[in-house]
Each structure stands twice: as C-alpha cells, then as structure tokens.
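Mind assembling these two chains? They're in different frames, but the hints should get you there.
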Amino acid sequence: MLFNSVEYLIFLPIVFICYWFFLQSDLRLRNLFIVAVSYFFYGYWDTRFLSLIVLSSVVDFSIGLQMGKTDDAGLRKRLLWLSLLVNLGILGFFKYFNFFVGSFIDLFNTFGVSLEASTLKIILPVGISFYTFQTLSYTIDVYRKKIEPTKDWIAFFAFVSFFPQLVAGPIERASQLLPQFSKRHQFDIQEAKNGLRQILWGLFKKVVIADNCATLVNEIFANYETQPTPILILGAVYFAFQIYCDFSGYSDIAIGTARLFGFKLMRNFAYPYFSRDIAEFWRRWHISLSTWFRDYLYIPLGGSRVSSQWLVVRNVAAIFIVSGFWHGANWTFIFWGALNALYFLPLILGNMNRRNIDIVAKDTWLPSLREFLGILVTFALTCFAWIFFRAESLTHAFGYISQMAEMSFNLSEIDIVDNAKVLFLIAGLLTIEWFNRRKEYPFENSTLPVAVRWIIYIIFIIFILANGENNDTFIYFQF
Amino acid sequence: MTHSSTFSFKGVVVFLKRLSIFGFFAILGIIATLFISGFFCKEGRLGTTYIKHERLESLDSPKVVMIGGSNLQYGMNSKMLEDSLGISVVNMGVQQSVGLKYMYDEVKDHLYQNDILLILVETPSYMEMPLEGMTNIPRIVSIYPRGIRYLNARQYYNSAVYIGPALMQNYRDMETVIRRKIKGKPTFYEQCDKWGDFHGHKDQLPTYKPKKRHYAYERDYKNGLEPLVASMIEAAEEKGFHVLISFSPSAASNSDAEFFGYLQTRVPDEIRISNMADYIFPDSFFYDSPDHLIYEKRDMRTLKLIEDLRAYRDRTSEIDFVQ
Numbered sequence: 041m042l043f044n045s046v047e048y049l050i051f052l053p054i055v056f057i058c059y060w061f062f063l064q065s066d067l068r069l070r071n072l073f074i075v076a077v078s079y080f081f082y083g084y085w086d087t088r089f090l091s092l093i094v095l096s097s098v099v100d101f102s103i104g105l106q107m108g109k110t111d112d113a114g115l116r117k118r119l120l121w122l123s124l125l126v127n128l129g130i131l132g133f134f135k136y137f138n139f140f141v142g143s144f145i146d147l148f149n150t151f152g153v154s155l156e157a158s159t160l161k162i163i164l165p166v167g168i169s170f171y172t173f174q175t176l177s178y179t180i181d182v183y184r185k186k187i188e189p190t191k192d193w194i195a196f197f198a199f200v201s202f203f204p205q206l207v208a209g210p211i212e213r214a215s216q217l218l219p220q221f222s223k224r225h226q227f228d229i230q231e232a233k234n235g236l237r238q239i240l241w242g243l244f245k246k247v248v249i250a251d252n253c254a255t256l257v258n259e260i261f262a263n264y265e266t267q268p269t270p271i272l273i274l275g276a277v278y279f280a281f282q283i284y285c286d287f288s289g290y291s292d293i294a295i296g297t298a299r300l301f302g303f304k305l306m307r308n309f310a311y312p313y314f315s316r317d318i319a320e321f322w323r324r325w326h327i328s329l330s331t332w333f334r335d336y337l338y339i340p341l342g343g344s345r346v347s348s349q350w351l352v353v354r355n356v357a358a359i360f361i362v363s364g365f366w367h368g369a370n371w372t373f374i375f376w377g378a379l380n381a382l383y384f385l386p387l388i389l390g391n392m393n394r395r396n397i398d399i400v401a402k403d404t405w406l407p408s409l410r411e412f413l414g415i416l417v418t419f420a421l422t423c424f425a426w427i428f429f430r431a432e433s434l435t436h437a438f439g440y441i442s443q444m445a446e447m448s449f450n451l452s453e454i455d456i457v458d459n460a461k462v463l464f465l466i467a468g469l470l471t472i473e474w475f476n477r478r479k480e481y482p483f484e485n486s487t488l489p490v491a492v493r494w495i496i497y498i499i500f501i502i503f504i505l506a507n508g509e510n511n512d513t514f515i516y517f518q519f
Numbered sequence: 041m042t043h044s045s046t047f048s049f050k051g052v053v054v055f056l057k058r059l060s061i062f063g064f065f066a067i068l069g070i071i072a073t074l075f076i077s078g079f080f081c082k083e084g085r086l087g088t089t090y091i092k093h094e095r096l097e098s099l100d101s102p103k104v105v106m107i108g109g110s111n112l113q114y115g116m117n118s119k120m121l122e123d124s125l126g127i128s129v130v131n132m133g134v135q136q137s138v139g140l141k142y143m144y145d146e147v148k149d150h151l152y153q154n155d156i157l158l159i160l161v162e163t164p165s166y167m168e169m170p171l172e173g174m175t176n177i178p179r180i181v182s183i184y185p186r187g188i189r190y191l192n193a194r195q196y197y198n199s200a201v202y203i204g205p206a207l208m209q210n211y212r213d214m215e216t217v218i219r220r221k222i223k224g225k226p227t228f229y230e231q232c233d234k235w236g237d238f239h240g241h242k243d244q245l246p247t248y249k250p251k252k253r254h255y256a257y258e259r260d261y262k263n264g265l266e267p268l269v270a271s272m273i274e275a276a277e278e279k280g281f282h283v284l285i286s287f288s289p290s291a292a293s294n295s296d297a298e299f300f301g302y303l304q305t306r307v308p309d310e311i312r313i314s315n316m317a318d319y320i321f322p323d324s325f326f327y328d329s330p331d332h333l334i335y336e337k338r339d340m341r342t343l344k345l346i347e348d349l350r351a352y353r354d355r356t357s358e359i360d361f362v363q
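Protein chains in written order, with the working numbering: chain A, 41 to 519; chain B, 41 to 363.
Check the hints yourself; a few may be wrong.
Simulated DEER-style distance windows between Cβ atoms [said to hold, decoys possible]:
{"hint": "1", "chain 1": "B", "residue 1": "Lys223", "chain 2": "A", "residue 2": "Phe424", "range": "32 to 40 Å"}
{"hint": "2", "chain 1": "B", "residue 1": "Ser60", "chain 2": "A", "residue 2": "Trp193", "range": "37 to 45 Å"}
{"hint": "3", "chain 1": "A", "residue 1": "Asn258", "chain 2": "B", "residue 2": "Thr305", "range": "46 to 54 Å"}
{"hint": "4", "chain 1": "A", "residue 1": "Asn459", "chain 2": "B", "residue 2": "Pro250", "range": "53 to 61 Å"}
{"hint": "5", "chain 1": "B", "residue 1": "Phe80", "chain 2": "A", "residue 2": "Ile496", "range": "39 to 47 Å"}
{"hint": "6", "chain 1": "A", "residue 1": "Ile57", "chain 2": "B", "residue 2": "Pro185", "range": "49 to 57 Å"}
{"hint": "7", "chain 1": "A", "residue 1": "Glu432", "chain 2": "B", "residue 2": "Lys223", "range": "32 to 40 Å"}
{"hint": "8", "chain 1": "A", "residue 1": "Asn476", "chain 2": "B", "residue 2": "Lys119", "range": "57 to 65 Å"}
{"hint": "9", "chain 1": "A", "residue 1": "Glu432", "chain 2": "B", "residue 2": "Ser293", "range": "30 to 38 Å"}
Under 8 Å between C-beta atoms, here's a sample of chain B residues computed to sit facing chain A [to be verified]:
{"hint": "10", "residue": "Val52"}
{"hint": "11", "residue": "Val54"}
{"hint": "12", "residue": "Ala200"}
{"hint": "13", "residue": "Ile203"}
{"hint": "14", "residue": "Ile218"}
Derived from the structure by calculation, the hints contain no laboratory data.
Just so you know, even glycine gets a beta-carbon here, dropped at the ideal spot from N, CA and C.
If we strip away everything but chain B, and leave its shape as in the complex, we get (with noise of 0.2 Å):
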C-alpha cells in the first residue's frame, strides 16, 4: 500500500500562510477588542485607576504611596490618614491581583525625596505567582493603558494567556454596571472617594467564610519578593525615598502560623514597621473573603498602621516629617 512520494506541500503552504495572515489579523483584532472593553469599564471595579494616578502624578513630595490589592481599596481610611499624617496620600490599591512587580512598577517614577512608598500587599502577593499579576494584567492595562509600558515579556505572556478571561471579566463588570444602573443603584466608581477609597460595604453583614492557603515558601519567596525588595531597596537610596513594608489584615481562621512567621523573619527589619501578628483579626472582621475588612473596621486597621508608622518614626527618625 506504499505510494511514491508525489505529494505536493504547495496548497498546504498556501493555506498556512493565509491562516497566518488570518491570526495575524485576528490577534489585533482581539487586542483591540480588549482596549475597547476597557474604555467601557471605567465605573466598574477597575475605574478608579484613574484616579489614584492621578494623584500619584500630580501630588507633591513628600508623600506616602500605598501599593497593594483589594486590602487597600476596602480596608483603608485614606482620608484619616492624611490628616492623621499631615502629608498626601496616595492609595493606589485596586480590587485586583495584578501582583506587587506591577504595583511597583508603575509608581516607581513617581517617587522622589522623602516620599514613603508603603507596601501593603495580602499575604498571597508576596510569592512568586501573584507578583507577576497572572490574569489580571491585561485587564488593568485595558482599562489604564498607559499601564502596558511596565510590562516585562513574562507580563506579556500573561496578558496573552488570559486575554479570554479578562475580555470576559471586562464584560462581566460592564454587565454589573448595567445592571446596577438598571435598579438605580450606584456603580463601583460612584461609590468610592477621592482616594479611590470604597465605600460601598457600608452596613453591610459579613458573608466570609474561613479559607486554607498554602504556600510553598522558600521557594515562592527567594524567587519572589526577595529580589524585588532588594531592587526597592536599592532605587530609594538612590532617589531618596523610603520603602516601608507592613501587612495586610488576615482572617485569623486563614492564618497558617508557619507561614506568617516565617514572613515575618523573612520581612527585612530595617524597613517592616509592624508586626504580622497584630493584623490577624477575627473572621468576623471580614467582608467577603480574608483579606477584606467589613467597613466598621477599616479605621481600626488604619489607626493601627498611623501608630506603627509613628512607632518607625519614633524609633529610627528616618521619616521625621510625619506627624
């Protein structure tokens, strides 16, 4: 049944190449499909990224710059916190993982002499995976697009990967604006701050309900955070800012004991204000997942972080400008 070999590859290459025009034109089509979504999620979850650049870009040194995730947007009185401080505060934390690489890269340029960059990242962030923001990369720079010139090829490769999933979530928070539009409620945008603060929570009873973690430690955080920490280290004493770590609260139900204290030795001294320890709090603190306080507690958290911020100040008299 063997034949000679009078196959002709032509048409096959014909076809291959036309595919590859197709993909060609089907990749800028989805690309532009994705900018598209994003230009209509400005009052959705995502919209305040707007606002905390802008503010980041237009406020004077000295300031403090809160980087982090949806921790910030929900668990932090920006406003107490300015006027406890008496200095700006920018709070850049949005309710997305897009990882604490990308959190630092797009407020790296906007830091100067004697402002404090302050890292307040949930505890998962500070390993490997999440610092490269995995999905929600895309979504973030669909919606801010000026975002796209911090991303590294492995951000890239992200973005690509989960373009599906993140035009689906564009469209899920358009669908959710339509929606609240349509019961005559307030958007997302609408229910947040100057700061970019939410405060839609207000009232509203606790669903969460208590969540294992795992880790893999040594290994996430030598390849994660540890370098990263360093190259902060290295960019505030050249431009004379200060980097500050300190912790994100934590369902105390979620706490895997290990796995905090081995942060806590890991965290270098010389710039972690606070102890792990005290940010673990009761699952009845919590909205909707561990890592977001019910609205009643955020002023507790942020007295907190004003008292070991003082505590730092007190201690090394490196930022003697805050009240």
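Isolated chain A (complex conformation) (with noise of 0.2 Å):
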C-alpha cells in the first residue's frame, strides 16, 4: 500500500480508530494487531513475500533466544553466522543473484570466453533492504550483549514489521524501537499534532516536489543526447531534489504516522542540501542506513583508529561502496558509493570530517560566505554524484556527462514553464528549510496563529490534492 493512495487513507483512520479506542487494555492484543495490519499493509502488493518477513522473523527471534540461553562463545558466534547466512542468504538471492550472474558471464565474455546468459525471473520483495537491515542489527546487539533478546515472540514480529517503516525504512535499531512494543502509550495530543503535520509535510515533498521533479527528470535522462548543457545540469539538480523529496518524505510519513501511534522512530533527514563538506551531507543524509554501516562495518573494521592510512582508505572504501552496493545490484550505484568515497577520504585523512557538526548559520540568519560556498560545491559535487545514481549503466552516466561537456546551449526547444515551475517549487522548499532548520521537519511545534497554521496547511493540501493523480511509487521501494 503506498502512503500517497487513497487506500492508505482510509487504512490509516481506520487503524488509528482500533489502536487507541479498543486496544489499549491488552498490550499483546495491540501488538497482535499492530502485526495484523502490518502484514495486511505489505501484503496489500503482494502476499507471496509475506513469508519472507515470518521467516525473518522467526529466524532473528529464535537465535536471539539461544544465544540469550548461553554463554559459549563459540556458538554464540556460529548463531550470529547462521542469522547473518539466513538474512543476507535472501536478501542475496533476491537482489543480487542475476547481478553476479550476468557479471559473471560478461567477465568471461571480456576473455574471449562464451558463456550461455542463464538468469532468473527473480522480482526483488519491495523493502527487503530494510527489513533484513532491522532484523540484523537485532542479532548483532544481542550478540554483542548490548541489548537482552526478548522473549516476547508477538513484541518481536511488531518491531520486524512495524507497517510505517516496514518498506522503506527508518531502519530502526532494536534498542531504540523494540521496547516501545513492550511499554503502553499514553495518547498526547502534541505528538499526534505533530505526526500529522509531519505526514503533511512528507505528502507535499513526495507528490507536489519529487514527483514534479521525477517527469522532468525522466525525459531528461531519456534523451540526454539532445539536450543542451544547462539542462542537463538541472537534470542532475532536479534528480537531487527528486531523490530528497522521494526518500525524506517517505520518511517524514513514516515517522509522522508512528507518531500517530506513540512510538517514536529514528530521524532520517537533516536538511542535507545545507551541508558544509561530504561528511556533514552523510551525517544528515539517510542517517539510519549510515549509522547502520557505521556501526556494524566501519566501527567493527576499525574506523579510523586503525594502525595506518592504507586501513582508512579501505574502511572508508568499504562502507561507501557497501552502501552503493545496498542500494541495488548495478555498477552505476557501486560507481556512486566509491565516488562518494572519494570525497570523503580527503576530510577523514586530513581529520576535518568533523569540523561541521552543528547545523549551518546555527546562531544567524544567513550564512558566512564561506559557508555558502561549503554548501554550493558539496551540492555540487552531490549532484555529480547522483547522475550516477540515477542513470541506467555506465554507460549512460558517462555519456550524459560526455554530453554536458559539450557546451551547448541552444535553449530554443526548452519548456520555459515546465522548468520555471519546477524551480518555483524547489526554491520554495529551500526557503521554507531554510527558516526551519533547527527544527526536525518544517512544521513541527509552529508558534504561528492557529488561523494562520491552518491556513498554511490548508494549501498544502490543496497543492498535495491536485498532484496527487500520478501516484508514483517511491524511489526507495525498489531498494
């Protein structure tokens, strides 16, 4: 079920009606339901990859049992292996078999060798990504001795399949969000306020500005060879806005919608556009999958507390490049992480990854001129990134930016209206960041008069209302 549909609207009153008016005296009976309307949520796609979150399921919440009955260190270590085999065993079957595959065959094809193309009609389970991701950081925990495994079968599926951020994340770790199963909430009224301005505010950056963004976008990466080179570097732009809007609205309905519910889920998104160098765009970008790498890749192969220079390439090699590779099975995302990568080995070797952690102009209302140009080439060079992220193969990503390194700009044929909307829209949503940048999400705990808030709202529905008839999937689904 998508959260910019029609179904989810009427899915979600109806939830929030059962959760708090008739749920609350039973905690396990509101887990069992949270778990009921969560499989109902995923299996509203599809109903065969249900048995792939109850396998996972049973899997993480089974080891997690026995190692929590032992102290044998070696069959601690060989229940965490078997977790890792099982989730990563799925998660590899299914996103990444026809990968290996066909790259097998063309480093084969490179030596003279024939081979037969034999793949598979594999279709990736939407959310398998993050699923996986939750569940493993569960067993590692409990592994690590960091958190107890819990006994309670019924809290443990709810946390695996919590429906707001069963598909596309926040990946929540099991600290943060499992005992929040185990507790019973009290209704507040501010947090479901916010929840719901938040939702608002994740609907008109997913429908009113990533989706805008996406049709323009498309026919620019489509026929790239054509375009002049001023549009093909706002394509680039427009795909940067499109992604952000895409994934942190997602995320903002996700977490607004837990809100709803009274649990309180992981910021994903921290205006990244308005970050200083690549290491502060990554400490605001997707921060649960970066935290997640950070903490069982980076941190477990050292960091940069490591004995030379050549470790620290290779740590920070590995995570972005893991990361790209997480993202889907295809050299251009690979391509991405490694030239990510390469942007952040200067800051980390150079031990300037930290010199920008609060959030930029904290105390003033615009930026020093230093700042402004930190941002402007980080946005830059993000941008440069994304075409890869975006485009189809290498091949395509090389050849668009080939083509922008044509300098042509005949911009006779250009939409003018068509651009200058969605310009509208972005320098709309920068400005309104801007103002709102200390602040989780634009809207939350607004000072402004009720009349005027509702007024603000009111538009933003408006505009949510007359572009939502494309009802796009979201990009993160296919991760």
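Structure, rendered in structure tokens:
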C-alpha cells in the first residue's frame, strides 16, 4: 500500500481508531493488531513475500533466544553466522543473483570465453533491504550483549514488520524500537498533531516536489543526447531534489504515522543540502543507514582508529561501496558509492570530517560566505554523483556527462513554463527548510497563530490533492 | 503483560474533534480554490461554456440544441447548420465528457415548443459511467458555477472524489493559456467562433492512432441511456419539443461492429434520424482521437447531418419548420 494513495487514506484512520479505542487494555493484543495490520499493509502489494518477513522474524527471534541461553562464545558466534547466512542469503538471492550471474558472464566474455546467459526471473520483494538490516541489527546487538533478547515473539514480530517503516525505513535499531512495543502508550495530543503535520510535510515533498521533478528528470535522462548543457545540469539538480523529497518525504510520513500511534522513530534526514562538506552531508542523509553501516561495518573494521592510513582508506571505501551496493545490483550504485568515498577520503585523512557538526548558521539568519561556498561545492559534488545513481548503466552516466561537457547552449526548444514551475517549487522548499532548519521538520511545534497555520496546511493539502493524480511509487521501494 | 483498562479516551476524542473542525475548513478551502481556479480558466478548453449558455438562454424558439462532447466542438460547422436549416443553432459540445445526464440537465429548462434537442454524444457516452460525468463534472462546475444546480447525488460524489484531478486540470488549462500567450499564439477560447466551434485545427495533420474501446453493452445501456432517453421523450411530449438522436463520427479502426450494431437496434426508431454506419469514417479523417474529425472534414459531417434531418422531416413531418 502506498502512503500517497486513497487506500492508505482509508486504512490509517481505521487502524488509528481501533488502536486507541479498542486495544489499549491489552499490550499483547495491541501488538498482535500491529502485526496483523502491518502484514495487511505489506500483503496489499504481494502476499507471497510476507513469508520472507515471517521467516526473517522466526529465524532472528529463535536465534536471539538461543544466544540468550548460552555464554558459550563459539556457539554464540555460530548462531550469529547462521542469522547472517539466512538473512543475507535471502537478500543476496532476491537482490543480487542476476547481477552476479550477469557480471560473471560479462567477465568471461571479456576474455573471449562465451558463456550462455542464464538468469532467473526474480522479483525483488519490496523493502527487503530495510527489514533485513533491521532484524540483523537485533541479532548483532544480542550477540554483542548490548541488548537482552526478547522473549515476547509478538513484540518482536511487530518490531520487524511495523508498517510505517517496513518498506523504506528508517532502519530502526532494536535497542530503540523494540522496548516501545513492551510499554503502554498514553495518547499525547501534541505528538499526534506533530505526527499529522509531519505526514503533511512528507506528502507535500513527495507528491508535489518529487513527482514534478520526476517528470522532467525522466525526460532529460531519457533524451540526454539532444539536450543542451544547462538542461543536463538542471537534470542532475532536479534529480537531487527528486530523490531527496521522495525519500525524506517517505521518512517523514513514516515517522509522522508512528507518532500517531505513540511510537518514536529515528530521524532519517536533517536538511542534507545545507551541508558544508561531504562528511556533514553523510551525517544528514539517510541517517539510519549511514549509522547502521558505521556501527555494524565501519567500527568493527577499525574505523579511523587503525594503524595505517591505508587501512583508513580501505574502511572508508568499504563502507561507501557496500552502501552503494545496498541500493541495488548495478555497477552505477557501486560507482556512486566509490565516488562518495573519494569525496570523503581527503576529509578523513586530513582529520577534517567533524568540522561541521551543528546546523549551518546556527545563530544567524544567513550563512557566512565561506559556509555558502561550502554548501554550493558540496551540492555540486553530490549532484555529480547523483548522475551515476540515476543512470541506467555506467555507459548511460558517462554519456550524460560527456554530453554535458559539449557546452551546447541552444535553449530554443526548452519548455520554460515546466522548468520555471519546478524551479519555483524547489526554491520554495529551500526557503521553508532554511527558515526552519533548527527543527526536525518545518511544521514542528509551529508558534504561528492557529488561523495562519491552518491556512498554510490547507494550501499544502490543495497542492497535494492537485498533484496527487500521478500516484507514483517511492524510489526507495526498489531498494 | 495485560494491563487494567485505565486508558483515557478523552485526549483522542479531543484530537478527533479538532481534526474534524480542521477537515471542515479544509473542505471549504478546497472548494473555494476549485472555483477560483475555474475563474481563471475562461480562456481554456471549457471557456466557451459561457457563450453556449448565453445562446441557449437568449435565443427564441424554434432552435436546434445539440448536446454532446468534443465531437461537436471540433467536428461540427454550426454556422453551416444554422444557415441551411433556417433556424438558430446552439452547439453545447465542449471538450470534456461531462456525461449525457449533465448535458441534458443543463439544457432541459431552456427547451420549449418546437425546439429540437439533438443528441450527438460520443459512443462511450451512451454507457452508464460517462453518463454521470466522472472527473469532468467538478471542472465544468468550477468554470460555470451555475451548473451546480444540475448535479445529482452521484455527481456530487464524483465531484468530491475527483476534485484533485479537476484542480490539476484547471491548473494545466491555465498553464496552457500562459504558454500560448508567451509564444504569442491565440488561446483555445480565442480560436472559437460565436457558436463555440473550434477552428484551431485548421490545416493541422491528423495524429490519431487506432485504439480499441471496450463496452459492457447490455448492462450499461440498460442502466444508462435507456431510462434517460425515456425521461427525455416524456419531457418532450409534455413541453412540445422534439428529441432526436444521431451519431458522433467514429474512426473505422475504432469501430466495434458488434457494439455499433447493438446501439443501432437499441436506440428508439421514432427518434433516431441517422444510420450509424454512415458516421464511420476512415482513420485519416481524424485528428487526435476516434471522435475528433480533422477540420477539413467537419463540413462533410455537417452536411450529412443536414441530410438526415431533412429526411426525417420528410418522413415524419414532425419538424416541418426546418428548411
């Protein structure tokens, strides 16, 4: 079920009313209800893949229990490997099987050995990368004895399948989300209002900005051979905002929905395009995934506290390339990850990666010239990398960049109205975000008079309604 | 893990109450925006609605009132029809399928003794769903607010469901007007004559690509056109006007022989003035859809209609005031 669909508009109030009016007396019943509605939410797409969520849940719940019963380090390690094998095995099969087979065949072809292409028609289950990482975080934390294994299977199943964040995150840690299924929630009207506002803001970003950018992006990337340089640059910029508004919009809807039910999910985006360097960008972009890789890959490899610079390079490259590969089975994502590693390395090797921790211009209205230039350069580097992320193949990406370098400035065929409309929307987004950058999201705890706030919300609803006919899916569902 | 029931519903109830109040104002705001957007769409595709209503309401009887969709706006020469028949013509067709129900409701109060109501709807509009207008009702009402009085409960429901797409369509119409003004080209409205007939397709090459349509004949016809035509005939007998049915042009590749055969037999003989087969033309006669004739073929279609009307006059002497 899509968040930006009529079905969800019906589903959410029904679940909300049942949840608060009928299920607050019994915690297990409440959690069972969450599991049921989450499975319904997921199964609305394809019931076949529900079995994978159930399998992941059963395996990690059982392994967690077994780990809790023993202090035998060897057995605990074997159990952890079993969990990794099952979870990553499922993920690998559904997401990467064809990629590896195809790449293997290509490699042999390069050496003149012709192999028969034999790939399978494998459908990628929606959200598999997200819930797999979420369940893995549980097993790893139990293994590290950072958390106690839960004995409540219903709470665990609810943790794995919690519908607001099931298909595209934020990827929650068991230590943060699981305990919330074991406590009773009191309805907090302020939280609920903030939840609705966050949903509204998320829908606006997705339906109005991302989907309008998508129309132009699709056209520009599909016909890049005939486009002039300024339009190709705009294509990359539009995609930067498309993917940001699409994904952060989803996260806002997910977090807002969870708030309606009294759950607190982690923040996933913190105004990434106001970052002054790439290190800051990665602390503000897809935070739940970046911190996942930091905690479960980068730090176990030694992080930056290793004996040689070479090992730092290796660790940074590993985290970015794996992150790229996590997004999809395509060399474009790997290249995108490697490019970001390349951007990041000078900062970490020069020990400059933590220069910009606070939000830009924290105590002033405008950034300094240095900060402004930092934001511009970071954004330009990010846009360049997004070309690889958006392209269908490396050839496509390099073709796009070559065409960009042609320096063609014939703008006579350009649709001024469409471009002006999207640029206006982007300018509006940036203005709203800039003036609210100290908040988690712009509408949070607004102090404006009620009448003004309501008028603003109604304007946003009208924008969403008018743009809602496309009903496009979210980009990150494919990951 | 079971807890005693100490949960207070008060907070949730207060929240839902406030949400309902907000929802009420949001609905008002959305409706207001729809009408405001409609006000700015008068140079767009539906802008001729005003001209058409003005003619409908000001002309004396006898007059011919044609109801239908875009086939009338693109494929009819109202001036030729008026000059040939010797009576005033009102062409109510606009480029939106607002449904036969609405089309009839908006003219029925202005039909008097000896007027001719000529039904020339596109073939899909003979069926149930298009009869109710679907997405286009909120658009037409936003542009011509007086039209709201013709809506029935189902059309109100459709308007509520499709208000978002209607807003977007209005916005796109405004956008098209702005685009054309930037390029120094005439707007849709500016390319229409005093009958509301569109002349902007003159000398433009056909771009129509064949497309099949699917119908659920019996069910849709029984629920749709049959009761509506029956009520029209009843009103006509009461007020003394004439209800006649002809057919909109249809592209040959789109023709579903079984469907047309069915329609031909079901439309009541006493009010049918045309043979459907006469309105099936080669694909090359169509501009961008199986209902939109190219500009150069609209006279051919108008002449055929004049011929059919005269043949009906001679056959029945019902409309002997027609030249």
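Here is what the structure says about each hint:
no.	hint	verdict
1	B:Lys223 <-> A:Phe424: 32 to 40 Å	34 Å, holds
2	B:Ser60 <-> A:Trp193: 37 to 45 Å	38 Å, holds
3	A:Asn258 <-> B:Thr305: 46 to 54 Å	47 Å, holds
4	A:Asn459 <-> B:Pro250: 53 to 61 Å	34 Å, violated
5	B:Phe80 <-> A:Ile496: 39 to 47 Å	22 Å, violated
6	A:Ile57 <-> B:Pro185: 49 to 57 Å	36 Å, violated
7	A:Glu432 <-> B:Lys223: 32 to 40 Å	34 Å, holds
8	A:Asn476 <-> B:Lys119: 57 to 65 Å	59 Å, holds
9	A:Glu432 <-> B:Ser293: 30 to 38 Å	35 Å, holds
10	Val52	5 Å, holds
11	Val54	6 Å, holds
12	Ala200	11 Å, violated
13	Ile203	7 Å, holds
14	Ile218	6 Å, holds
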